[in-house]
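Whenever a hint applies, use it, and build me the whole structure from the sequences.
There are 2 protein chains.
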Amino acid sequence: MSESTIGSTPLLIVLSGPSGVGKDAILTSLRDRLSNCHFTVTVTTRPRRPKEQDGVDYFFISPERFRDMIARGELLEYAQVYGNWYGVPKEQVRQALSKGMDVMIKADVQGAATLKKSVPQAVFIFLAPASLRELESRLRDRQTESQEALAHRLAVATEEMKQLDKFDYMVVNADGQMERAIDQIEAIVTAEKCRVQPKASKSTCNLVT
Amino acid sequence: MSESTIGSTPLLIVLSGPSGVGKDAILTSLRDRLSNCHFTVTVTTRPRRPKEQDGVDYFFISPERFRDMIARGELLEYAQVYGNWYGVPKEQVRQALSKGMDVMIKADVQGAATLKKSVPQAVFIFLAPASLRELESRLRDRQTESQEALAHRLAVATEEMKQLDKFDYMVVNADGQMERAIDQIEAIVTAEKCRVQPKASKSTCNLVT
Chain A
5 MSESTIGSTP LLIVLSGPSG VGKDAILTSL RDRLSNCHFT VTVTTRPRRP
55 KEQDGVDYFF ISPERFRDMI ARGELLEYAQ VYGNWYGVPK EQVRQALSKG
105 MDVMIKADVQ GAATLKKSVP QAVFIFLAPA SLRELESRLR DRQTESQEAL
155 AHRLAVATEE MKQLDKFDYM VVNADGQMER AIDQIEAIVT AEKCRVQPKA
205 SKSTCNLVT
Chain B
5 MSESTIGSTP LLIVLSGPSG VGKDAILTSL RDRLSNCHFT VTVTTRPRRP
55 KEQDGVDYFF ISPERFRDMI ARGELLEYAQ VYGNWYGVPK EQVRQALSKG
105 MDVMIKADVQ GAATLKKSVP QAVFIFLAPA SLRELESRLR DRQTESQEAL
155 AHRLAVATEE MKQLDKFDYM VVNADGQMER AIDQIEAIVT AEKCRVQPKA
205 SKSTCNLVT
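Chains as they are written, first to last, in my numbering: chain A, 5 to 213; chain B, 5 to 213.
For identical chains, the list gives no copy identity; a pair is met inside one copy or between any two copies.
Capping the alpha-carbon separation at 20 Å, the derived lysine to aspartate or glutamate pairs in DMTMM-like fashion look like this:
no.: 1; residue 1: Lys27; residue 2: Glu138
no.: 2; residue 1: Lys203; residue 2: Asp169
no.: 3; residue 1: Lys197; residue 2: Asp187
no.: 4; residue 1: Lys120; residue 2: Glu78
no.: 5; residue 1: Lys27; residue 2: Glu183
no.: 6; residue 1: Lys197; residue 2: Asp172
no.: 7; residue 1: Lys55; residue 2: Glu149
no.: 8; residue 1: Lys27; residue 2: Asp172
no.: 9; residue 1: Lys27; residue 2: Asp179
no.: 10; residue 1: Lys203; residue 2: Asp172
no.: 11; residue 1: Lys27; residue 2: Glu140
no.: 12; residue 1: Lys197; residue 2: Asp169
Since the hints were derived computationally from the structure, they do not count as laboratory data.
This structure is a prediction, so every number in the text was calculated from the model and none was measured.
Following this line, the structure appears as structure tokens:
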């Protein structure tokens, strides 16, 4: 009956969604709201963008180091996206969970599918744009890629939308309504902590080995 | 992908828990927070308490009228608790759901078990005291019953706690922390509305016939 028997189970949360939907901006805000949550920093071989910080936005590593991490089984999931490699270091997740902290993993849709197999107890949230038109407009504003790359991203996004039914929750990040999306994700975390039979469990710690 | 395809499914929520845990006080506050939600008014044969209003807190009806409603199949669930009858009128639930409104049903633990069978798509929330000692102290403060009746309620509450695993969520209503419990219930409603595959569905309307 005591809350501690239920509330103490750390959650593993996977936030996914198409490229350009706004995962990074939302995670930045969530960092201030979810105090007992570790936000995993992904390792990647892709070049750093102007405003990005190594160790904060990503760990930028060489393809050699990335191959090393795969060989040593140090990644919870990894995938090649648009020619670059991305991976989630197990050690970060394991350490945070063992301290009783929740863990938030950012993953592209392909990565989320892999995680669904390795850690099905995780809570899977799909961040969706209000429309493909909004997504296109955001990707254009980013101005980091060619017309061709953009068309490719949109085609991929259209395919990714079809994966929605593999997720537990969908949160729409509509233009100008990011606060609403953040509130909803926070509510999902609060609700999952009230679950009588949480998806995540102590065994999550053991699975991430 | 549009939010309307998911957010439009009305939720059927059952708030239950032992007698004296604070269901009524919490529902009063939730009324202001959940704008698109109908709070069912239970019919009962028990005598009205001094501060209670007919049609607001309960519909106070005669045992004859209650038997009539049972005979006509007008109650979604009904049960005898401490010698009095309580029931949830179907018509209220049906009408609200058909308007696209969420419906919140207050039910004792016995009633929730019945609802679990008739409307399994509902979201079941167990409101728990932080401890049996807190529950006892609240029941004493109420001063509406004898020492014997109080002892009986506590024995029943202890049994009811064992039903927890039949519920989806547990929210603890600790003394002095009611706001926290209300926030958690509101978060559960928000989260359930983001579910990709909601427990409740359009068919809920059909089930309540």
